[in-house]
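With chain A fixed as given, assemble chain B onto it according to the hints.
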Amino acid sequence: MIEPPAYLLLSAILFGIGVVGVVARRNILIILMSVEVMLNGVNVAFVAVGSYLGDATGGIFAFMVMTVAAAEAAVGLALLIALYRIRETIDITELKVLKW
Amino acid sequence: MFLGNLGSLRYFLPEIAVTATILLLVVLHVASNRRTSAAPALLSLLGVGTAILLVGVSPAGGGKSIFEGMAAYDGFAVFFKGLTSLATVVVILMSMDSTELAGRSQAEYYIFLLATLLGMFLLSSATDIVMVYLSLELVSIPSYLLAGYLKGKEDSVEAAMKYVVYGATASGVMIYGFSLLFGLTGSTQIAEIGRSLVAGKATLPMLLAAVMAAVGFGYKIAAVPFHMWSPDVYEGAPTPATAFFSIGPKAAGFAVLVRFYYTVFASPTPGTGIWHLTTSVDWPLLFAVLSALTMTVGNLVAVKQNNVKRLLAYSSIAHAGYMLMGFVLLSSAGIEAILFYLVVYLFMNLGAFYVVVLVGNGTKGEDIADFSGLGSRAPFAAVSLAVFLFALTGIPPFSGFIGKLYLFAEVIHRGVYWLAVVAALNSVVSLYYYARIVKVMFLEEPKDTAALPVPAVTRAMLVLLVAPTLILGVYWEPVARIASNSVKMLAF
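Protein chains in written order, with the numbering used here: chain A, 1 to 100; chain B, 1 to 492.
These are computed hints drawn from the structure, not numbers from a lab.
All C-beta atoms, glycine included, are put in the ideal place defined by N, C-alpha and C.
Just to be clear, a hint being listed does not mean it is correct.
Pairwise CB distance ranges, derived in the manner of DEER restraints [stated by the list, open to error]: (1) A:R85 to B:F2: 42 to 52 Å; (2) B:G271 to A:R25: 52 to 62 Å; (3) A:R85 to B:S32: 21 to 31 Å.
For reference, chain A alone in the conformation it holds in the complex (with noise of 0.2 Å):
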């Protein structure tokens, strides 16, 4: 059995990779996928302290987060559709109609 460091490190190597997907990349899509990365890492995080502890709580806080990430990509995805639609580009840098 490998124990639970091992997981969390793994955890936030995930999370690591999904800040920098966010905060790198232009493309929506890319930044949408990298933000499930990011949640992934956190589910790795409570799977593996849930089953280290014996206790079923890390496991389903789990699959509410699998839940609420579904439902932030359904309604992120739409909007890009939206956006695209009268943009014609998915490029976060070009979202400049607002601005200080």
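Below, chain B alone, put in the same frame as chain A:
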């Protein structure tokens, strides 16, 4: 002692009323082919009105933990439920007036509005990190849709897209912080986490958890540096939705912020009304710095805005900064000051947005230039807006002054002088940009001198919003008493 699921239902009536209304609206939306009728608006008014009544007559004896410890039923939650549903009623009336939303599907709009309200109810009573996360998302996801409701209009969709990206990232960071807390303590109950952390020694993960949770909550209340979404969203969203974002989710964000940090990272000292830190994480200092930054950035950037909605967005960021001052003091008087300020802010801010909707309907614009000569075109609306703006500045005898007085008095009482000085300087800056709108309204010649029509309902609503703004400036004691009673029941 946790109440079981069935036993909790009688403490859950406002939420049930709102849920039932949402379901009815869905049925109505499917059944009716007249997408623009006023029925959904009236139905949601009825639903939220029922919720307010149920909040008002809710059973006494606070401090109950309902649904097996998922949520709290206490005066603090009841206060925020009342506040957010009151704001929703005003926003529904404002939406009925707005020409921006006319011609678009009505039922869906009100479904999103009420779903956000349900999320705010749950957020202000959540006592379990699972519940905090789910209700935060229940506030966020319908908000994205509200912001992008003017589909086909470039800035509305762009605002919503930015909102989704910021919101999803911020809540992702927050939940990573929660996973650290779960790993450290093995519990998802915030009270239990607080008790376990007292004995804990792992400083770095705790610091990370505190900071990461601050990202999620800070995004919800639009505190600098997590405020970047808010000006764009406020400008792009339909004006009634903007008014809603500026008070509803912000108030609920403050509720969960206070409940979370005061339970997890602090513990009350019995009999003094003071909390003490239970861990070595100095989060009050972190939030004091955020508070100073938030009000300074909000006010300084507001100075050079030309779009009134965007100006009010920065103003609302600045006000979040003022309210954060009460949060860092670790005293019940500080929280009381936040609650009182939120009540005052509700009336003056929604009032200001009401006039923006009115002017937007008449001129199809929201720039400061569109307000020129409003004093002669619609004197009553112009005078009301002037009252709201001076109240937002915090000038006596308006209610905003009393709100600020409570905050400043407690900041000085707890000896955080530097923060009081920063806030006082900020208030001076804010006078400049609020007064600029007043000057344009009364001293500049309008391009179009025709009188601006003010419908009777709008007039009545303005009176209803001006009255508390003036009355709370001279007779505020009842509201202050409600606020202080609501804080007393915070701990359970």
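* Honestly, do R85 (chain A) and F2 (chain B) meet the 42 to 52 Å range at C-beta? -> At 49 Å between Cβs, range holds.
* Does the Cβ distance between G271 (chain B) and R25 (chain A) fall inside 52 to 62 Å? -> holds (54 Å)
* **CB-CB spacing for S32 (chain B) and R85 (chain A) relative to the 21 to 31 Å hint** => Holds, since R85 (chain A) and S32 (chain B) (Cβ atoms, about 27 Å apart) stay within the stated range.
Of the numbered hints given earlier, the model fails none.
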